[in-house]
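Heads up: the protein sequence lines correspond to chains A, B and C, in order.
Just remember that my numbering sits 1090 ahead of the position in the first sequence, which is counted from 1.
Just remember that my numbering sits 1090 ahead of the position in the second sequence, which is counted from 1.
Just remember that my numbering sits 1090 ahead of the position in the third sequence, which is counted from 1.
Don't read these hints as lab results, they were simulated from the structure.
Please note that a few of the clues may not be correct.
In this list, chains with the same sequence are indistinguishable; a pair is considered to hold if it fits within one copy or across any two.
Claimed, not checked - DSS-like cross-link-like pairs, simulated, lysine-lysine; straight-line CA separation at most 27 Å:
#  : residue 1 : residue 2
1  : K1194     : K1214
2  : K1114     : K1104
3  : K1161     : K1214
4  : K1214     : K1191
5  : K1161     : K1094
6  : K1191     : K1114
7  : K1214     : K1094
8  : K1114     : K1214
9  : K1094     : K1104
10 : K1114     : K1194
11 : K1214     : K1104
12 : K1104     : K1194
13 : K1114     : K1161
14 : K1104     : K1191
15 : K1161     : K1194
16 : K1191     : K1161
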Amino acid sequence: MTVKTYSFQINTNKNFEIIDITSKINGLIDIDEGIVSIFSKHSTSAIVVNENESRLLNDLEFMLNNLVSDKFSYQHDRIDNNAKSHLKSFLLSSSECLPIKNSKLALGTWQSVFFIELDGPRHKRTITLTMVGE
Amino acid sequence: MTVKTYSFQINTNKNFEIIDITSKINGLIDIDEGIVSIFSKHSTSAIVVNENESRLLNDLEFMLNNLVSDKFSYQHDRIDNNAKSHLKSFLLSSSECLPIKNSKLALGTWQSVFFIELDGPRHKRTITLTMVGE
Amino acid sequence: MTVKTYSFQINTNKNFEIIDITSKINGLIDIDEGIVSIFSKHSTSAIVVNENESRLLNDLEFMLNNLVSDKFSYQHDRIDNNAKSHLKSFLLSSSECLPIKNSKLALGTWQSVFFIELDGPRHKRTITLTMVGE
């Protein structure tokens, strides 16, 4: 049994951007079997698992804009003009804890892991991987 | 310290269906203390923890239908007519990582673990359990 | 490699209340590196990670009240008058699994861990910490 920790950084180019990080994570896994915490160190981003289909990812952006509406004024915007980015992050959450088998993520056929930028563009978004297993 | 991995399958009978998998999971746990990743290998389903009370579970279905509204048209529906199922999965998430104590889930009195079918009926939905502990 | 389990209790004073539990958790961590499951044993509460800024936390309460609207009647309210509290808990989730490094939570600069009371005031809300690592 062992613990392994890695981190990597991403630059984002748009205000809302979805980046598939599955192969990046698989390239860093160096245990055979166990679990991995995938954690974004930022409170205006998210880590999620779903299907990598471009129209579905557009639908996700549409849904989030509908749930965290532009119609309202938010108090946090008086300090830092990104309340909606934080609120979307609360709904999606900033981490996932996933299974590893045969030295890679044990995902289903139609699943990918995504980093979601909710307040970009940003330089050097940091994601940490903490693996526990053998 | 050890890692143990199991999986099991569920057949669902309705488009939206909530299945209590707490006792199924407890029957598969074979470590005394640690954590377990409970992961659905499907992007139109979810794993959640809450109270097993039938009217509340009806309210959950109602809320999800309200948040991911039929009023809108979704781009993913042109490819595969289940955009709303994926979007509900994004909101609930496809996994939970929970504590194990005395060889079972260390839940509160009013908590159960549920598999939520969001795009059924389906044959052989797969859930994996990855336990780390001793 | 080892497993360590702790729990602590919180009394809440309001119906909706957000309590920063980051320093409480850091004080209980006694492994150097690994992951920790932070789990609320209650189905009308949540554990989340985001920025500790008071206006943002007001915005979170506003958003939740908007998403789980007072306009509707919920079936669970016939049994126990707290359906909306459970539904908000489904959206936020009752646990987080986070990385530990150098014997504390490996959070980003603007991140804190919060316990969210969704159905208070309550006496003795229990949060469990299960750490796996070395």
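Against the structure, the hints come out as follows:
no.	hint	verdict
1	K1194 <-> K1214	both (25 Å within a copy, 23 Å between copies)
2	K1114 <-> K1104	within (20 Å within a copy, 37 Å between copies)
3	K1161 <-> K1214	neither (31 Å within a copy, 38 Å between copies)
4	K1214 <-> K1191	between (29 Å within a copy, 20 Å between copies)
5	K1161 <-> K1094	neither (45 Å within a copy, 47 Å between copies)
6	K1191 <-> K1114	both (16 Å within a copy, 22 Å between copies)
7	K1214 <-> K1094	within (22 Å within a copy, 34 Å between copies)
8	K1114 <-> K1214	within (15 Å within a copy, 30 Å between copies)
9	K1094 <-> K1104	neither (32 Å within a copy, 41 Å between copies)
10	K1114 <-> K1194	both (11 Å within a copy, 26 Å between copies)
11	K1214 <-> K1104	within (14 Å within a copy, 39 Å between copies)
12	K1104 <-> K1194	neither (29 Å within a copy, 33 Å between copies)
13	K1114 <-> K1161	neither (38 Å within a copy, 37 Å between copies)
14	K1104 <-> K1191	neither (34 Å within a copy, 31 Å between copies)
15	K1161 <-> K1194	neither (43 Å within a copy, 40 Å between copies)
16	K1191 <-> K1161	neither (45 Å within a copy, 41 Å between copies)
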